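Protein chains: 2
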Amino acid sequence: MMQVPLLVGPMLEHAEKFFSKKEVISQTHDKLHHLTYADIGKRTRRLMSTLENLGVQKGDRVGTLAWNHHRHLEIYFAAPGMGAVLHTINIRLSPEHIIYIINHAEDKVLFIDEDVLPLVEAVKDKLKTVEAFIVMTDKAELPESALAPLYSYEELLHTGNPNFEFDKTIDENDPAGMCYTSATTGKPKGVVYSHRGIVLHSYALGLADSAAISESDVSMAVVPQFHVNAWGTPFACTWFGTTQVMPGPRFTPKRLAAFIEKFRVTITAGVPTIWLGLLRELDQGGYDTSSLRAVLCGGSAAPKGLIQAFEEKYNIPFIHAYGATETTPLVTLSRLKSYQQDLTVEAKLDQRSKQGMLVPGVKMKVIGSDGEVAWNGDEMGELLLRGPWIASEYYHDDRSEQAFHDGWFHTGDVVTVDEEGTIKIVDRTKDLIKSGGEWISSVDIENAIMAHDGVFEASVVAIPDPEWQERPIACVVLHEGFAEKTSKADLLEFLRPQFAKWWLPDDILFFDEIPKTSVGKFLKRELREQVKAHYNMQ
Amino acid sequence: MMQVPLLVGPMLEHAEKFFSKKEVISQTHDKLHHLTYADIGKRTRRLMSTLENLGVQKGDRVGTLAWNHHRHLEIYFAAPGMGAVLHTINIRLSPEHIIYIINHAEDKVLFIDEDVLPLVEAVKDKLKTVEAFIVMTDKAELPESALAPLYSYEELLHTGNPNFEFDKTIDENDPAGMCYTSATTGKPKGVVYSHRGIVLHSYALGLADSAAISESDVSMAVVPQFHVNAWGTPFACTWFGTTQVMPGPRFTPKRLAAFIEKFRVTITAGVPTIWLGLLRELDQGGYDTSSLRAVLCGGSAAPKGLIQAFEEKYNIPFIHAYGATETTPLVTLSRLKSYQQDLTVEAKLDQRSKQGMLVPGVKMKVIGSDGEVAWNGDEMGELLLRGPWIASEYYHDDRSEQAFHDGWFHTGDVVTVDEEGTIKIVDRTKDLIKSGGEWISSVDIENAIMAHDGVFEASVVAIPDPEWQERPIACVVLHEGFAEKTSKADLLEFLRPQFAKWWLPDDILFFDEIPKTSVGKFLKRELREQVKAHYNMQ
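Protein chains in written order, with this note's numbering: chain A, 1 to 538; chain B, 539 to 1076.
Relax, there's no trap hidden among the hints.
Reference listing, derived: stretches of chain B covered by chain A, where coverage requires no fewer than 3 residues with Cβ under 8 angstroms from a Cβ of chain A: (1) 545-555; (2) 726-739; (3) 743-756; (4) 874-886; (5) 896-904; (6) 928-942.
Please keep in mind that the hints were generated in silico from the structure rather than gathered at the bench.
Just so we're clear, the structure is a prediction, and the values are computed from it rather than from any experiment.
Note that CB positions come from ideal geometry on N, CA and C, so glycine has one too.
Here chain A stands alone, though its shape is the one from the complex (with noise of 0.2 angstroms):
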């Protein structure tokens, strides 16, 4: 067979010739552009001629703190097109993380949206390595501003090349684009994304069973594209020639509805947070939402009562998924097999609130205290996953061999598998609670505390005890109105038929907000600290 490399430039290259008439509809701060693939493609082009005038050489880090629009996509192709990385700077991190992020990565250009340049200003004498800004708008709107120098993007493409050509010469190997995942401890660790790993990973999203993305999609990702590639979304949106909307900076759930029905969404994508959003703008009444045919969810495990919302309230498909920033990120995907159709409407949802089941390409194993566990539902080990698309380092990090080792990704996810290959997250290895010689899933007891109608979110964590080595506190917030009426007894009688008696919180502390990571997940580590103050323990 030919050796011809996978890499991202041609994808794009497809789209301009075969989808050249399909349109990416993008929301920028002033207005909805409407662009199709062969103008993204001659922008795209007039961009890494503009990089290459800027001095980026193949290899050199292109940074971007920027929403979802059209030319935070033109980057996604231009900088791997041309042998540079895209390097997406999560815009929500703490500034002395940013600051971590770009002198770690050594971006050489920083694209930054209009509306994050404050954020640039505030951290730009810390900055070692950045020779050029570019602000993402026209040259009229280009802001005054203290960074230098200063460009405004559509002039500097307007100087661009739209013949330039994709770098075909580049090694699929190399790294394509890179991304940093924030460590509820220490520093952000940064994951390089090889153009192979990204052209397969395109692959995987396309299958029939797995996200299906399609020519006749719409696809609006509402997931961050600073968010792992906003889940690689992109990349195989283009590829397979799919509509794309984009919703732009700070969009609000009445904009995603809206879109979803102007635009005749097909497919969207994000964590469960939007979604829970989106329904209460559902709930307000009055949108079209019959396009879709599915919203996928990752990012955090989506409550089963979410699902249902979507599916019985809405009839909108809703698929699970998992993955991490360490694995490009799609590993498992939840759908039903054939003869599982055949289940119970309860049995369909809790096998589709599980995460799911790999998709082809990725491989996993999932090592409990005795070695690989067995596949019963019940069993609790660590995932670990290999596969072209999975991390094998953390860039330039001591601590890569924490998590990569013996040829394996450890994810640090603690889960299930049933007998059909689904797993189903049950925690993280370092917030499951040992007990007795046994594990106790924290978010099992979570999830069930949160099905009460009185409980707004709750988070259990593990206290040191002498006789049992830990356990179980749940701390749990209420909503408004019902700290009258809802004591710790009721919560532990709601409780008591759904567990094993030893899996029962010893306590139950009511907090008025529980402490959140800056993605918004349980920062558990500091509530541990606060629980354990308040029981005065060292």
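Since the structure of chain A is provided, determine the placement of chain B on it from the hints.
Just chain B now, with coordinates in the frame of chain A:
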């Protein structure tokens, strides 16, 4: 990203784990077998250990002369799974070519279907490298034979180790399979398939906009497993957990129709001749074919009437595809783009009767007399292909340079490309007629003549012409009873409104039969000689 090679063995491993209950339904000469992928997995592992015991080593060729059934499927995974090379041999070739192929590939062992045994016995003294003959039966059924050493497949399997491991040290560019293409002149030419090529090709088959092969499908490949790996479907279907129905030796249209009804087949693949036969059987009436979501058709161009009959009469979606032995084979597939759904019924049929659009991962160039042709549906040029599942040479063959140069496979197929990027095969380069410096498509004229009620088949060839260089002559076989009422003048009158004047054949000759190759294609080389003889040309 991790360096994980793309290998064939792990595709079956995936099915063993995640689709252990799903079935392969296989017809052999004596009975119908139902095996799960767990069964197929164990038997394949036994087979790998058996091959090892027979002395088969990494890189050795394992020949098969067999129909479509589960044992053949097991060799599909066992040979590449242990690092050897699956070599499927076309049982319809002449003994002379079969001897050439086995000796040229240096097959170490041969797996043979019982009914093909006489064919091998007749040539056994000419085979230089074969060390073992395995007949694909139970021991009790092992026939008397002059072949030695002779084994029964099931008996050998019985001695194998069901826990034998797939070799994970194989390089993804190593050979996994090979297949010889029968040239119209000269010896057959060998094509070697790499592990990487087969895995990537399988992804392409699973894409929503391609064949969309899914776990929920019931696939029946009618295209023989000795013909470009049954178009790769056994690999893809196994990986994706698809139920596979294998129609076994010497199947009839009646069996195909019965299997479609009985096993609720959803997708099937084969050449036009098969579908013409099935259509006749369906016309006898009484079959329930409502489960079919796709009939894939390739190998040669499907007449528009065939597509129409399946869709309008039986409501069975018909998908035209294009590929070659050198291309693993999937290259294009004819599906409408979303915005083409608004075309008229007739325009849609026209579009879908073309060969279609490139699947993601393959690149093309179409070279006419003045370089790349315009995409206007009119200019003709030779189709050139490039991609990771396109061959780079013929196996140990001096003729490689003719077809493979400048990094492209020169298909020898002449096509037009419309503005949507859809290709339409208009001829073979060597059959194209050059008249007055312009090209005439013999295939276009043939199709037009074959649409005449009186015509059974037609082939158009060039004869030398002193003024115009070449001129077309049509050779026509009439349906029974039409000789009296269909004249040369009638046919020319029928063609006149459809073509420019200079495209019309100079003459129409009536034949009882048109010479054909072993796979049923017109043997134009021979026909041309007959026509020239008719005119007393040299």
